[in-house]
Every structure is written in structure tokens, then in C-alpha cells.
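Visitor: Kindly generate the complete structure, drawing on both the sequences and the hints.
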Amino acid sequence: MKVFKQHKGIVAPMDRANVDTDMIIPKQFLKSIKRSGFGVYLFDEIRYLDEGVADQDCSNRPLNEEFVLNQSRYQGASVLLARVNFGCGSSREHAPWALEDYGFRTVIAPSFADIFYNNCFKNGLLPVVLSEQIVEQLFSECAASEGYQLNVDLQRQVVVTPSGEEHSFEVETFRKHCLLEGLDDIDLTLQNTDDIRSYEAQRKLAAPWLFGAINPENSVD
Amino acid sequence: MAGKTLYDKIFDAHLVRANDDGSALLYIDLQLLHEVTSPQAFAGLRLAGRKPWRIDANLATPDHNVPTTKRDGGVSKIVDPISRIQVQTLDDNCDDFGILEFKMNDHRQGIVHVVGPEQGATLPGSTVVCGDSHTATHGAFGALAHGIGTSEVEHVLATQCLITRKMKNMLIKVEGELGLGVTAKDLVLHIIGVLGTAGGTGYAIEFGGSTMKNISMEGRMTICNMAIEAGARVGMVAVDQLTLDYVKGRPFAPKGELWELAEAAWADLHSDSDAVFDTVVDIDAANIIPQVTWGTSPEMVVAIDAQVPNPDNETDPVKIDGINRALEYMGLSADQAITSIKLDRIFIGSCTNSRIEDMRDAAKVAKGRKVAASIKEAIVVPGSGLVKAQAEAEGLDKIFEAAGFQWREPGCSMCLAMNPDKLEPGEHCASTSNRNFEGRQGNGGRTHLVSPAMAAAAAISGNFVDVREMMEQ
Numbered sequence: 001m002k003v004f005k006q007h008k009g010i011v012a013p014m015d016r017a018n019v020d021t022d023m024i025i026p027k028q029f030l031k032s033i034k035r036s037g038f039g040v041y042l043f044d045e046i047r048y049l050d051e052g053v054a055d056q057d058c059s060n061r062p063l064n065e066e067f068v069l070n071q072s073r074y075q076g077a078s079v080l081l082a083r084v085n086f087g088c089g090s091s092r093e094h095a096p097w098a099l100e101d102y103g104f105r106t107v108i109a110p111s112f113a114d115i116f117y118n119n120c121f122k123n124g125l126l127p128v129v130l131s132e133q134i135v136e137q138l139f140s141e142c143a144a145s146e147g148y149q150l151n152v153d154l155q156r157q158v159v160v161t162p163s164g165e166e167h168s169f170e171v172e173t174f175r176k177h178c179l180l181e182g183l184d185d186i187d188l189t190l191q192n193t194d195d196i197r198s199y200e201a202q203r204k205l206a207a208p209w210l211f212g213a214i215n216p217e218n219s220v221d
Numbered sequence: 001m002a003g004k005t006l007y008d009k010i011f012d013a014h015l016v017r018a019n020d021d022g023s024a025l026l027y028i029d030l031q032l033l034h035e036v037t038s039p040q041a042f043a044g045l046r047l048a049g050r051k052p053w054r055i056d057a058n059l060a061t062p063d064h065n066v067p068t069t070k071r072d073g074g075v076s077k078i079v080d081p082i083s084r085i086q087v088q089t090l091d092d093n094c095d096d097f098g099i100l101e102f103k104m105n106d107h108r109q110g111i112v113h114v115v116g117p118e119q120g121a122t123l124p125g126s127t128v129v130c131g132d133s134h135t136a137t138h139g140a141f142g143a144l145a146h147g148i149g150t151s152e153v154e155h156v157l158a159t160q161c162l163i164t165r166k167m168k169n170m171l172i173k174v175e176g177e178l179g180l181g182v183t184a185k186d187l188v189l190h191i192i193g194v195l196g197t198a199g200g201t202g203y204a205i206e207f208g209g210s211t212m213k214n215i216s217m218e219g220r221m222t223i224c225n226m227a228i229e230a231g232a233r234v235g236m237v238a239v240d241q242l243t244l245d246y247v248k249g250r251p252f253a254p255k256g257e258l259w260e261l262a263e264a265a266w267a268d269l270h271s272d273s274d275a276v277f278d279t280v281v282d283i284d285a286a287n288i289i290p291q292v293t294w295g296t297s298p299e300m301v302v303a304i305d306a307q308v309p310n311p312d313n314e315t316d317p318v319k320i321d322g323i324n325r326a327l328e329y330m331g332l333s334a335d336q337a338i339t340s341i342k343l344d345r346i347f348i349g350s351c352t353n354s355r356i357e358d359m360r361d362a363a364k365v366a367k368g369r370k371v372a373a374s375i376k377e378a379i380v381v382p383g384s385g386l387v388k389a390q391a392e393a394e395g396l397d398k399i400f401e402a403a404g405f406q407w408r409e410p411g412c413s414m415c416l417a418m419n420p421d422k423l424e425p426g427e428h429c430a431s432t433s434n435r436n437f438e439g440r441q442g443n444g445g446r447t448h449l450v451s452p453a454m455a456a457a458a459a460i461s462g463n464f465v466d467v468r469e470m471m472e473q
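In order, the protein sequences belong to chains P and A. Using my numbering, read the first sequence as starting at 1 and increasing by one per residue. Using my numbering, read the second sequence as starting at 1 and increasing by one per residue.
Source of the hints: derived by calculation from the structure; they are not laboratory data. Note that CB positions come from ideal geometry on N, CA and C, so glycine has one too. There's no promise every hint is true.
Claimed, not checked - Interface residues of chain P toward chain A, partial, derived using beta-carbon atoms under 7 Å:
(1) 17
(2) 45
(3) 54
(4) 56
(5) 91
(6) 119
(7) 172
(8) 213
Guide: Structure (C-alpha cells):
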């Protein structure tokens with residue numbers, strides 16, 4: 001997994017509540033069997049004026065100039081500032097893939113939807129929860145100053161503003177550890193192979209019907 | 001010590017390992033796979049030289065991309081080349097790794113959340129995951145089921161476990177009888193309206209109370225299916241006789257002595273009477289009437305006799321902004337009567353409402369009537385090949401076709417429009433699906449979520465109408 005220790009970058013403000021994963025990456029782009037290349041389609045429906053098609057070249061598509069990521073002051077943004085319940089809806093991991101592929105390393109919001117929050121950690125994209133009040137303050141600061149940057153320090157669990165003000169955030173120990181070290185979840189879990197085997201043996205005795213039932217012989221044609 | 005909730009019981013029974021920081025390794029009994037969220041997981045397995053931990057804990061079927069029109073040519077004739085590759089990739093992966101798959105032209109193919117229960121793969125007390133947020137559907141069987149991301153799909157394939165943490169417990173206690181013409185869909189839309197789109201975030205929701213006991217398994221699936229639209233990954237219902245009757249005799253369900261054993265074990269699959277929930281929400285079902293969403297989030301829902309909300313009546317700036325954006329996107333005016341909304345297309349289907357009861361509900365309304373001339377297209381998409389066959393055996397396809405509906409092949413279809421079934425910009429659709437997000441059913445499309453009966457009624461009228469009026473005729 002990609003390492004995340006500390007990141008400082010330009011902030012782009014996504015000023016709307018309940019941004020769903022359909023909006024982050026529309027369905028037509030989910031047809032890809034790859035994990036990369038979604039960045040150009042990030043927020044496709046509100047970023048471009050025409051209708052996006054999978055696998056298309058986006059370099060000459062008409063842009064919605066009003067959309068935040070199309071404004072010159074936010075070019076090169078790598079910190080997304082968002083509102084409540086960011087990433088709600090579909091479980092598609094293509095949403096964090098698209099954000100990461102675009103160049104975002106972290107998303108700051110007052111709250112996230114569960115599945116999206118979880119998916120971010122698997123992709124080295126750090127979701128940071130700050131209070132609504134602090135997020136509101138960051139939105140104001142961002143609007144007031146062009147080139148506004150935030151420094152997100154996972155090690156110390158703080159978001160540092162340009163004035164040096166620090167806002168601390170919570171993150172689970174295990175997730176923090178995995179991101180700091182760039183650890184692979186599957187490798188870690190497989191270190192517990194004995195535990196899994198012994199659970200499985202006991203489960204097989206307690207609920208034998210859950211083993212071996214799904215096979216072509218049992219599937220009535 | 002306080003008793004346990006249903007969620008606690010299943011979680012605890014699947015705990016392989018609990019870590020000090022609250023994270024846990026949970027054993028997964030069943031993973032359902034489809035073509036959209038699995039290719040990168042299989043690619044990851046191959047790249048690392050890993051094999052699935054247990055072949056028999058997986059069941060696959062393509063659903064999101066498959067065409068719902070003629071499929072005689074098989075996968076190679078899917079018109080969209082990118083969809084074709086994705087469906088073909090699922091077939092190849094399942095063949096390579098030996099995973100049982102109901103392929104596109106198998107008559108058991110369908111939407112994963114319809115196929116799992118129908119085949120008896122979804123069992124009470126089990127843990128079920130799938131790379132799809134509507135996996136909560138399976139919670140209707142007293143199972144712990146939720147959506148996961150693709151990295152987790154790979155993790156479960158490789159280890160049979162999920163790294164997770166315990167959710168909080170919420171009880172939604174539904175009392176009072178649902179009125180005639182008021183369905184499980186109306187109930188869950190109403191509940192989402194009460195909770196809000198993030199009200200269930202961090203919770204496992206148990207739908208309980210006396211009303212739930214009288215709701216069929218199909219209805220319970222509809223309700224659990226939409227838990228995620230209130231932010232909850234998990235929705236579940238206690239096991240009772242209806243659950244057992246539904247499961248018994250299905251292909252993958254236990255048989256003979258194993259059934260006896262299973263039935264005895266499942267008797268405990270309910271929350272203890274002294275279980276403590278973190279949150280309890282009371283819902284009065286008796287006063288609910290048919291529901292319609294007017295906006296771009298499932299929480300933007302009102303009763304059929306109501307008006308589109310007016311932002312002037314709100315004080316919360318986030319709500320006001322949300323209403324204004326939604327009004328603009330949906331092309332609606334504040335205070336406009338819901339019954340004045342004209343429809344362009346009708347979609348009856350999706351993992352929320354494509355089971356046999358849904359087909360019957362819609363057919364009952366369609367019978368002897370005609371789809372309004374102003375409706376460009378009204379499609380009925382059964383949830384699986386078996387639902388389709390059952391409906392045809394009951395003559396429902398003929399009722400739909402006589403009324404002017406199209407009768408299609410099974411799949412996710414216009415719920416998310418990954419296949420050719422989609423809305424054109426600006427079109428209004430009465431849809432029995434689960435999400436009304438901007439662009440969900442097609443770029444610029446305007447979705448209104450309703451029950452199958454309400455969708456059928458809207459098709460006949462051309463605008464929204466209280467289906468109960470048509471039932472009394």
C-alpha cells in the first residue's frame with residue numbers, strides 16, 4: 001500500500017454536502033477492469049459540459065469553468081476540503097482511485113460515509129475528520145487567500161494551517177500504522193493464518209452447512 | 001450483563017481475532033461477486049501469486065453491464081466493447097479460479113442480491129459481503145451483510161476474513177399496520193426521510209417491531225437493501241418462521257439432518273429482550289402513505305399527497321442549499337404538487353424491487369390498463385432468470401406487454417445505467433430503484449424513487465398518482 005506520512009499541498013474547496021460516489025466517478029467509467037486512469041473522469045458530470053464516455057480522451061472536452069477544479073487558482077490541488085457525509089452511496093472503490101489518480105492525497109471533511117472512508121485507507125488517501133466549525137473556518141481561509149495550502153501530518157495527527165494553527169484529528173491506530181508503513185492488509189492478515197484455520201475448524205463443527213454447499217452439484221440447473 | 005443484539009451475536013460468532021485498538025478480523029461465510037468490482041481484485045490475487053482461500057464461499061454472476069434486451073449472441077455480442085470485456089473478464093476469472101458463476105445466459109443469472117437469497121446461498125446467521133453497497137439486502141435473513149470495496153474483495157478472496165470494527169446498534173422499531181397499497185418500499189423511503197442520508201452512518205440497523213413480523217421476505221429485502229441510503233452499511237431483521245419457510249428447499253440451503261441442525265442454531269437469531277441499542281427510532285407505519293422522492297438524495301422524500309418542499313420554510317443553510325440545488329437539477333418548483341410531476345420513463349426493477357412480489361404488485365395495477373401515450377418507455381426488468389420464469393408462469397409478462405410495458409431480461413439495468421438502459425438529459429423517471437443521485441440513471445436524468453405499484457400507476461397516468469385510488473376503482 002502507498003505510504004502516507006505527511007502531506008502539504010494546495011487546497012480545493014468542494015462546497016456541497018452529501019457528495020456521493022456517483023458524482024465522484026460516474027458509472028460509465030466503472031467498466032474499466034484497471035485500477036488506474038480514473039483521474040481525468042473525476043467529478044466528470046460537473047467538471048465537463050459534455051457527457052463523458054468511458055475510455056475517451058478528455059484533453060479537448062469543454063470544461064465547466066465554474067467548477068472548482070477548473071479554476072486556475074486551484075490547479076495542482078492535492079488537498080480536498082469537503083462538507084458533511086462525503087462519499088455517500090455506492091461502495092465503488094473507483095471513487096478513491098479517481099481522487100488519488102487526479103492527485104489528491106487527502107480529503108478533509110466534517111464526516112464521511114463509512115464505506116468510502118474505509119476504501120480511502122486502502123489506497124493511501126487519508127480521510128481527515130475535523131469539526132464542522134473548523135471545516136467552515138478552513139473554507140473561509142481558503143476562499144480568502146489564493147494558493148492556500150494545508151499541511152496534513154499523520155504522524156502527529158494534526159492539520160496545520162499557513163498561520164501555524166494546528167487542528168488535531170482522530171485516526172485508528174491500526175490504520176495509521178498501515179499508512180505510515182505502507183503495509184499490505186493481506187500480508188498482515190495472512191500472518192494470522194493459524195488463527196483463521198483454527199476458527200474455521202471450529203466453525204465447521206458448529207455450522208457444517210456453511211461448508212461445501214456452493215458447488216455445481218448442488219446448483220439445480 | 002445486558003443481552004446481545006442480533007448484530008452482536010453474529011459479529012461475535014465470526015470473530016477470528018480482536019485487536020487492542022478495536023479493529024477485528026471477522027470471518028466471512030459468503031462473498032458474492034459481480035463484474036464491476038471484482039476484476040481489480042482478481043488481478044491483485046494473480047499479481048501476488050495468491051489463490052482464493054475457499055472456493056466454496058464464493059458465488060458470482062454478471063449483473064450491472066448485461067443488456068436486458070436479446071442476448072442470443074452471448075457475451076461476444078454485447079454491443080459496448082468495454083462492457084463486453086468486463087463481463088468476459090468475470091467469466092474468465094471465475095473459470096480460472098474455479099468459482100461457481102451463473103453466466104449471462106444461464107437461466108439462474110440475475111442481480112447478485114436477488115440470486116443469493118433465491119439460491120439459498122444467503123443463510124441466517126452467516127456473514128455475507130459483496131463489492132456493492134446494497135449487500136445489506138441479505139440482512140433480511142438475519143445475516144450480517146454489507147458492502148465492501150474492491151481491495152476488501154481481494155482481501156476476502158485471499159484470507160476469508162475482513163478487517164473491520166464493531167458498528168453501533170440501532171433499532172428501528174416499526175409498529176402499526178401498513179395500509180392497503182402501502183408497501184415495504186414506502187416504509188423504507190419514509191424511514192430514510194426520518195433518519196436522513198447520513199443518520200445511520202456507523203450503525204448496524206435492525207428493523208424490528210410488530211410490523212416487520214408481517215412483512216414478507218421480499219419486503220424485508222427491500223427494506224434492508226436501502227439501509228445504506230440512510231448511511232448504514234448493515235440492515236437486518238430477526239429470523240422467524242417466514243425466514244425458515246423461504247430458505248428451506250433452496251439449492252444451496254442445508255437439507256435433511258443438516259437442516260435440523262441449522263434450524264436449531266438459527267432459533268437464537270434475534271436480539272435478546274434485554275439487549276441495549278445505542279439508538280432506538282420509533283416509526284408509526286399506520287400513518288404512512290405512498291412515498292415519492294422529489295430531489296437528488298433518497299432523504300428528499302415526501303408523501304404522494306404532498307408538495308415539493310420550499311427552501312423558505314427551512315432555517316439550516318446546508319438544507320436550503322441542498323433543496324435549491326435539487327430543485328434546479330430536477331427542474332421542479334417549490335410547492336409544486338407531487339401529482340403534477342410528469343414522467344418520461346418508467347423503470348420497474350433493481351435489487352430493491354425486482355422480485356416476484358414486486359412484479360405481482362406492478363402487474364396488478366397494470367392489468368387491463370394502458371401506459372399513457374406521453375410515456376416514452378416503460379420497462380420491467382425482473383431480478384433474475386428464475387423471477388422471470390416465475391412471472392411468466394403466472395402470465396405477468398403478458399399483462400405488462402398488453403399494457404404497453406416492455407418485458408426484459410434480468411440485470412441491474414436502469415438503476416445505474418451501466419448497460420444501454422438509461423435516461424436522456426432532463427427526463428423524469430418513476431423508478432423502483434434505490435438512488436436518485438444526479439446522473440445516476442443517465443447524464444442529466446431525473447429520478448423519482450417509488451414502489452413498484454406506484455411506478456406502474458405513474459406509467460398509466462403519465463404523472464404521479466396515489467396508487468390507492470386506482471386500487472379502489
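Visitor: Now, for every hint given, state plainly whether the structure supports it.
Guide: Evaluated hints:
For residue 17/P, the shortest C-beta to C-beta distance to chain A is roughly 5 Å, which falls under 7 Å, so the interface hint holds. Using the Cβ-Cβ criterion of 7 Å, the hint placing residue 45/P at the interface with chain A is satisfied: the shortest such distance is roughly 5 Å. Checking residue 54/P against chain A: minimum C-beta separation of about 5 Å stays under 7 Å; hint holds. Against a cut-off of 7 Å between C-beta atoms, the interface hint on residue 56/P is violated, since the closest Cβ of chain A lies about 11 Å away.
Hint status for residue 91/P: holds, given a least beta-carbon distance of 4 Å to chain A, under 7 Å. A least Cβ separation of about 4 Å between residue 119/P and chain A falls short of the 7 Å threshold, and the interface hint therefore holds. A distance limit of 7 Å between C-beta atoms decides the matter here; for residue 172/P the minimum to chain A is near 6 Å, and the interface restraint holds. The interface hint given for residue 213/P is met, as the beta carbon of that residue sits about 5 Å from the closest beta carbon of chain A, less than 7 Å.
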